[in-house]
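Enquirer: Please put together the full structure from these sequences, using the hints given.
Okay, here's what each chain looks like letter by letter:
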Amino acid sequence: MYVLAACGVVLGVAVLMFKLRDGTHPLATTVVGCVGGMEFVGAGVLAHYRRPANRVGSLMVAVGIGLFAEDVQLSRTGWVYSAGFLLTMASSGFAAHLVLAFPTGALASRGERALAGAAYAVVFGLPLVRTLFYAPPTRYGVRSNLLMVTDNRAWSDALQQAEEITGAAVALAVTAMLVRRWMTAGPPLRRVLAPVFVTGLVGGGVTVLDGALDLPHPVRQVFLWVYMAAFCLLPLGFLAGVLRVRLGRSAVGDLLAGLTEPRPAAELRGALARALGDPSLQVAYWRADTSEFVDADGAVVTLPGPGQARDVRLVERDGRRVAALVHDPALREDPHILAAVTAAAGLALDNQRLAAEVRAQLAEVRASRLRIVAAADTERRRLERDLHDGAQQRLVTATLTLRLLQQHLDGKIDDAAAGLLASGTAGLDAAMAELRELARGIHPAILTDAGLLPAVAELAARAPAPVDVDAAPTDLPRLDAAIEATGYFVVAEALTNAFKHAGAGRIRVTMEHRDDQLRVGIVDDGLGGANLDDGTGLRGLRDRVTALNGQLTVHSALGEGTSITAVIPAPGRR
Amino acid sequence: MTGPMTDPPASPMTGPPAVRPAGAPSRPPGAIRVVLADDAVLIREAIAGLLRRNDFEVVAQVGDPTSLVDAVATARPDLAVVDIRMPPDHRTEGLDAAVALRRDHPQVGVLLLSQYLESHHLPALFGGSARGVGYLLKERVTGPAGFVEALRRVAAGGCALDPDVVALMLRNRRRTDPLATLSEREHEVLALMAEGRSNRAISERMFITHKTVEAHVRSIFTRLDLPPEPDNHRRVLAVLTYLRAQW
Numbered sequence: 001m002y003v004l005a006a007c008g009v010v011l012g013v014a015v016l017m018f019k020l021r022d023g024t025h026p027l028a029t030t031v032v033g034c035v036g037g038m039e040f041v042g043a044g045v046l047a048h049y050r051r052p053a054n055r056v057g058s059l060m061v062a063v064g065i066g067l068f069a070e071d072v073q074l075s076r077t078g079w080v081y082s083a084g085f086l087l088t089m090a091s092s093g094f095a096a097h098l099v100l101a102f103p104t105g106a107l108a109s110r111g112e113r114a115l116a117g118a119a120y121a122v123v124f125g126l127p128l129v130r131t132l133f134y135a136p137p138t139r140y141g142v143r144s145n146l147l148m149v150t151d152n153r154a155w156s157d158a159l160q161q162a163e164e165i166t167g168a169a170v171a172l173a174v175t176a177m178l179v180r181r182w183m184t185a186g187p188p189l190r191r192v193l194a195p196v197f198v199t200g201l202v203g204g205g206v207t208v209l210d211g212a213l214d215l216p217h218p219v220r221q222v223f224l225w226v227y228m229a230a231f232c233l234l235p236l237g238f239l240a241g242v243l244r245v246r247l248g249r250s251a252v253g254d255l256l257a258g259l260t261e262p263r264p265a266a267e268l269r270g271a272l273a274r275a276l277g278d279p280s281l282q283v284a285y286w287r288a289d290t291s292e293f294v295d296a297d298g299a300v301v302t303l304p305g306p307g308q309a310r311d312v313r314l315v316e317r318d319g320r321r322v323a324a325l326v327h328d329p330a331l332r333e334d335p336h337i338l339a340a341v342t343a344a345a346g347l348a349l350d351n352q353r354l355a356a357e358v359r360a361q362l363a364e365v366r367a368s369r370l371r372i373v374a375a376a377d378t379e380r381r382r383l384e385r386d387l388h389d390g391a392q393q394r395l396v397t398a399t400l401t402l403r404l405l406q407q408h409l410d411g412k413i414d415d416a417a418a419g420l421l422a423s424g425t426a427g428l429d430a431a432m433a434e435l436r437e438l439a440r441g442i443h444p445a446i447l448t449d450a451g452l453l454p455a456v457a458e459l460a461a462r463a464p465a466p467v468d469v470d471a472a473p474t475d476l477p478r479l480d481a482a483i484e485a486t487g488y489f490v491v492a493e494a495l496t497n498a499f500k501h502a503g504a505g506r507i508r509v510t511m512e513h514r515d516d517q518l519r520v521g522i523v524d525d526g527l528g529g530a531n532l533d534d535g536t537g538l539r540g541l542r543d544r545v546t547a548l549n550g551q552l553t554v555h556s557a558l559g560e561g562t563s564i565t566a567v568i569p570a571p572g573r574r
Numbered sequence: 001m002t003g004p005m006t007d008p009p010a011s012p013m014t015g016p017p018a019v020r021p022a023g024a025p026s027r028p029p030g031a032i033r034v035v036l037a038d039d040a041v042l043i044r045e046a047i048a049g050l051l052r053r054n055d056f057e058v059v060a061q062v063g064d065p066t067s068l069v070d071a072v073a074t075a076r077p078d079l080a081v082v083d084i085r086m087p088p089d090h091r092t093e094g095l096d097a098a099v100a101l102r103r104d105h106p107q108v109g110v111l112l113l114s115q116y117l118e119s120h121h122l123p124a125l126f127g128g129s130a131r132g133v134g135y136l137l138k139e140r141v142t143g144p145a146g147f148v149e150a151l152r153r154v155a156a157g158g159c160a161l162d163p164d165v166v167a168l169m170l171r172n173r174r175r176t177d178p179l180a181t182l183s184e185r186e187h188e189v190l191a192l193m194a195e196g197r198s199n200r201a202i203s204e205r206m207f208i209t210h211k212t213v214e215a216h217v218r219s220i221f222t223r224l225d226l227p228p229e230p231d232n233h234r235r236v237l238a239v240l241t242y243l244r245a246q247w
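Those protein sequence lines, which keep their order, are chains A and B.
Here the working numbering is used: the first residue of the first sequence is 1, the next is one more, and so on.
Here the working numbering is used: the first residue of the second sequence is 1, the next is one more, and so on.
Since the hints were made in silico from the structure, they are not lab data.
Errors might be hidden in some of the hints.
Covered stretches of chain B (in silico footprint by chain A; criterion: 3 or more residues with CB under 8 Å from a CB of chain A, positions within the stretch not fixed) [what the hints assert, rightly or not]:
| id | stretch |
| --- | --- |
| 1 | 42–50 |
| 2 | 107–119 |
| 3 | 138–144 |
Quick caveat: nothing in here was measured; it's all calculated off a predicted structure.
Using N, Cα and C, we set each Cβ at its ideal position, and we do this for glycine too.
Expert: Put into structure tokens, the structure is as follows:
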């Protein structure tokens, strides 16, 4: 291939020499023809280098060589000159093949193959026949048509006219084919086709007009110029295609850079679509539990089958199906980009899936912790009620009976018996008092009946040392039962620790409900040194607070007292 | 903390009492007519028995707030004894019913029995008046004489506060407010006052002369900046109002 290109360059230089020596050609067309040919060869080499498997590069080189070959007839060497007759339209055949095959490099349909064949037949077949009857004017004497069988001017002219008419027909057919392809192409394919098609259409259009109309010389000259200019631009169109590939690669780079953190589904689809240059891209997510593809909203997606207008690329990670990209078929022409984007999509989607799984698990764990807390609270309330309604009632009744017996027997029994009776009722009194406090410790009814502030105020009233409760009733609306209970137990535990372990002399409790958060703070002037791990019940408290999505912080430097703060998200009730 | 309530023995317990319809003809002359409201039948029957032996007439026994209000409206008793926890939710339905009774039937004394050693229900129960109202711990019924005495006081338009509840309130107040300036003796007097006892009862209770009690009471009023009032109820109300003022 590269050797062929080198030969093409040599040929180009040779025909340039022929032209300059010939002297009958305007410098401008000479230069344009040479530059156009060289461009094709160079761009073809580049395209071949970028995509070795694609025949487009080779065809471009062929077009370049064909352009040079058309001028071989300027040679003064007899056999070369004669051979040149066969190649007067060489570039047109290759060009027709090239535009039909672009961008895949392959002729996809029978129609395209037939058209390409027709183009070759016209540009190589007809001149071959015509050469047999064509006697060129002998200007330099040395040049003559070595291939001529018989000099027949009429046949030669007729054949030339046939060349022009069939050439125009083929060009028309090619143009029609390209128009149809343009109409059916999606945006990615159009982007690739546009530069080539525009120039191709201009060149093709000019050829059609030139062949179909009998035009005066100056117009033909203009048409020739346009044709040449279009031919010069055509390789640039291919270069643009090559550059687009490079742009695509950097788009993949941008995509990867942007995927460092999980993104919402819509954003991810947008990023993938940008990287692929396919706004119509659909991302279908694989649901392993139901074995079907769904879109970002969870609606079931049916993937297009083979032979449909859309292509499907499966995204897999570690052999697991993750998703599918439903894309424009033209993206197949860029297998590298498609592969890179698919890999990036796999990465991102897997990431997204993992993040979603973790979120779901976290939500489940939170919900279950909340349920556990709520269930424990309910159980505590039930226990408290049972104690009051069952055990306490029976104790009260039994004590009353015993007291009545005591009165009944007063004076009728000896002191020892009376003493026994008295200690029995006293024991029952103590049991009732203990039961009452036990029930209160399990769950203070006041908390349910009156709320957090009255409950904490009562707690403070029972404390063995001064407790200042700093909270206005207006700052503390009724909150969810689990939240109120948590706030209460934080204060209760903190007070117990302060008196029992820290020997506090003064305690300050602050409570407020602001910005949908309950803040409870307890500050004492005790020994300090409390921490969450020393079994003072603080850990259990923190678990409880965390279960409600809250935070419990403890500051307790030795000798500086203890400060405990709980912040619990708490939307106001009512 | 006050000592156990000791009083002269009451008549012995007799057989199970029958629920007598309102306005039954065979009532003892001058007997206090009572409606009992408690959903715990066992304890209700025990209280009813205790009351009958002490010459009360139990005109109705009910187990829920609606029946209580109906019974009071029909029987027009001197006194309603109400458990704070009643159906349907077993929370403070009894308190709500008691408040309603005090509003709609001011001549009926209302005594609330509570399982809870708590003072925060008092402002609601007392409202603006200490006439014919009481709040006792439920277990107080086992000190029969003191309980019966408290019932009589409330039925007669006086008031009765559980000594433990008063103690809790005083203990809570003692540290932070002018009550801190009271002497130990004055505290005792104030506690007994808050229970609804008269000066004479206090003097008997504390084994001090009537005059000394009056001196203590005057001193308390001065220190608490309360205008001295001879009326028992107004004293309690004043104390209560003061105790609850900062809540």
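Enquirer: All hints, please: hold or fail.
Expert: Hints, one by one, checked against the model:
1. 42–50: holds (count 5)
2. 107–119: Coverage by chain A holds for the stretch 107–119 of chain B (5 residues, Cβ < 8 Å).
3. 138–144: holds (count 6)
Checked against the numbered hints above, the structure breaks none of them.
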